[in-house]
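> Chains as they are written, first to last, in the working numbering: chain A, 100 to 308; chain B, 627 to 1191.
Hints listed in this document are in silico derivations from the structure and should not be mistaken for laboratory results.
Backbone N, C-alpha and C define an ideal beta-carbon position, used for all residues, glycine too.
Mixed in with the good hints, there may be bad ones.
[Said to hold, decoys possible] No more than 25 Å apart at the CA atoms, straight line, and that leaves these computed lysine-lysine pairs for DSS-like:
id, chain 1, residue 1, chain 2, residue 2
1, B, K689, B, K655
2, B, K714, A, K304
3, B, K944, A, K146
4, A, K195, A, K146
5, B, K689, A, K195
6, A, K195, B, K914
7, A, K209, A, K150
8, B, K714, B, K1035
9, B, K689, B, K666
10, A, K304, B, K709
[Claimed, not checked] Label-pair restraints from in silico Cβ distances:
id, chain 1, residue 1, chain 2, residue 2, range
11, A, G225, B, F703, 39 to 45 Å
12, B, T913, A, I296, 35 to 41 Å
13, B, G1028, A, E211, 37 to 43 Å
14, B, D693, A, K209, 34 to 40 Å
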Amino acid sequence: MTKSTLNRREILERMAVVTGGAVSLTILSACDGGVKAPKNTENLNLKALNKEQLDLIADIADMIIPDTETLGAKSVNVHFLVDELAANWMTSDERKGFLNDLTVLDERIKTERGKSFSSLDNQGRGTVLDQLGQEMLAAGEGTEGLGDITNSDDNTGRKHIYRELRELIIFGYYTSEVGATEELNYDPIPGGYSGCIPLADVGGKAWSI
Amino acid sequence: MAEEFDAIVVGSGMSGGWAAKEFTEKGMKTLLLDRGRQVKHREDYPTENVPPWDLPNNGRVPKEELDQDYEIQKMAFLQEYNKHFFVKDSEHPYTQPDDKMFTWIRGYHVGGRSLTWGKQTYRWSEMDFNSNIEDGNGIDWPIRYADIELWYDYVETFAGISGSLEGIPNLPDGKFQPPMEMTCVEAEMKKRFDELYDDRHFIIGRCAHLTEPTEEQRSLGREKCQYRNECMRGCSFGAYFSSQSATLPAAERTGNLTTVTDAICHSVIYDETTGKARGVRVVNSITKETTEYSGKVVFLCASTIASTQIMLNSVSEKFQNGIANGSGALGHYLMDHIYQAGASGRMPGFEDFYESGRRPNEIYIPRFRNINGDTQENFVRGYGYQCSAHRLSWKRGADQTGYGADFKKNLQQPGAWWFRMTGFGEMLPRYENHISVDHNNLDEWGIPALHIDCEFSENELNLQKDIAAEAESILNNLGLEDVSSWVTPANPGLCIHEMGTARMGHDPATSVLNKHNQAHEVPNLFVTDGSCMTSTACQNPSLTYMALTARAVDYAVKQMKADLI
């Protein structure tokens, strides 16, 4: 990888000379693959979710994509992105339904398990997710096997709340800086194309984009 | 009126950029008008190389914004990173019948759709120019392959087309830079395909990306493709062909180009005494001031619907139904390609293989229907497939029920290989499919309201069904698993290949333009965008617009020098 990076930089530098520096600095800096720390979240004001809803999403996110050798979804603050998406991206009708379903889910867990999702231990949380997974499948909104050809990212309209949360959490994590650049391989300017390489050559990891 | 230009070019996209380059390089003082804002190469690509985590909402356009501002544009490729290259439908509405939708996808800015196009570039063949006369749908083309062949050579050499030499009679080879590679699975499928199908071809796509730039391309600041596949954000490497990367810098360096932006062309001014176009009337989109520019020739390159709209709005004593419209064909015979059908399947195995880089190109399976002895009962013409095989990404995780460290580990690896193929089919010219303007209903710039009335006919719908059925059959024959096909109810416009509303023909009684893209009735008026197309073939049309434009300018300049126009 070092050699191709060098080539890209050479090309960019040559272009910068040719174009009188017109190649943007963002492109040059992208070659260096710098990584930002997760944003400080202490003073963030919530835009759509309430505290209970935020905690529920954070801990479901922590179960789906936990910290391993890399940080997981909760640690990179995916729940705050979900707050943004609920406030900005969803329609007002979708947001209303989504927030309502979150509250119903939160209350249902408290009724059935005697405490909030966040207060459950890992085993208790797993039992809840297993049950939600079965409900999602029963609603015809998932597959246990390979996932379907659309790459399963359909996010039009309302769906089962767990399917919606999964889509938002997974999207949020793998489009975060940590998810995209540390957990997966990230190469903003590949420079060349090889149609068939051994997967081992890239450490067995998928490209994030 | 002030200065008189040698040439006025309306529109700076695919065709207009070429007209500007050709005129200025031939020494002609050229005025290039665009109705939209300036977009400077490199400077005005605000999202280029911005990673998803730095885009608003990680790149998701708010759904209410889509519904309110982009009701039609949202059906195409509009994303957070390229929405500035699409119009807001809320600001530029048009009407259509309740039961017939035509989705007009467009961008109002310098460079037009050359910034956002698909970049697939295929020549037409003799078969395509012969098709109308052979099956009786539409009028005969006034040109044949021999008339355009050298112009294809010329524009391909300048634009830079990557592709492989294949010797396929109905998809002529061109002047190619080296082809892009196939993925492991595509290469395996090609092997199986070539064993199974004698008369069909499975080839790497031909596309307007530099893989081995020429000195001429380097001199314009263009570099080879970096395989980001983020073309629709704009490309500072100039690696794909756009007006910004190629034709406009070539025109600018001649010193003969004047560009005026935010200039909505209201109409072509017809001079009753000379029988020629005197120039154009332009409304500034911001100040709403009207300016008239005069020129010795006028080239309309504003895109099919827009150029035709200008002509319909160019009313004079002689041409009460639009300039050069003695035939009554102007505005009629609107076409697109039919699309939105295909199939996909999973290729088992190949788990240890992957690709490196993001290839902005696909596989092409050229037309095989109704040629080489194949005869279809329920449709004429045919279609080509654009396809690719890649591994599934992390997006597959949403539909799965897994969670935890093992799930995370699984999503860290690429998923199964899937092959997906989509057909692009020919649409026949029909008089009923037309656009019109309402002179009693003007927009804020004084432009008459546009009405589009267009639908697919049975021929296209039958062809669309065959696209899906045959795709499914091919994938099953090639040994793929979990094969399924789809046919989505289709409306024209979505393929963004609109054509035909000022068609070329031999006869002034049935066509608007002659074999040189010159209006039969107004000798210094030319139209070289998709309006001129007498039929659609099934190939992506931009390369043909480029060749026809360069050819028409060559003719016009010779005529001007001989004082014939």
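> Kindly indicate which numbered hints from before are broken by the structure, ordering the numbers from low to high.
Going through the list in order, the structure violates hints 1, 2, 3, 6, 8, 9, 10, 12 and 13 and respects the others.
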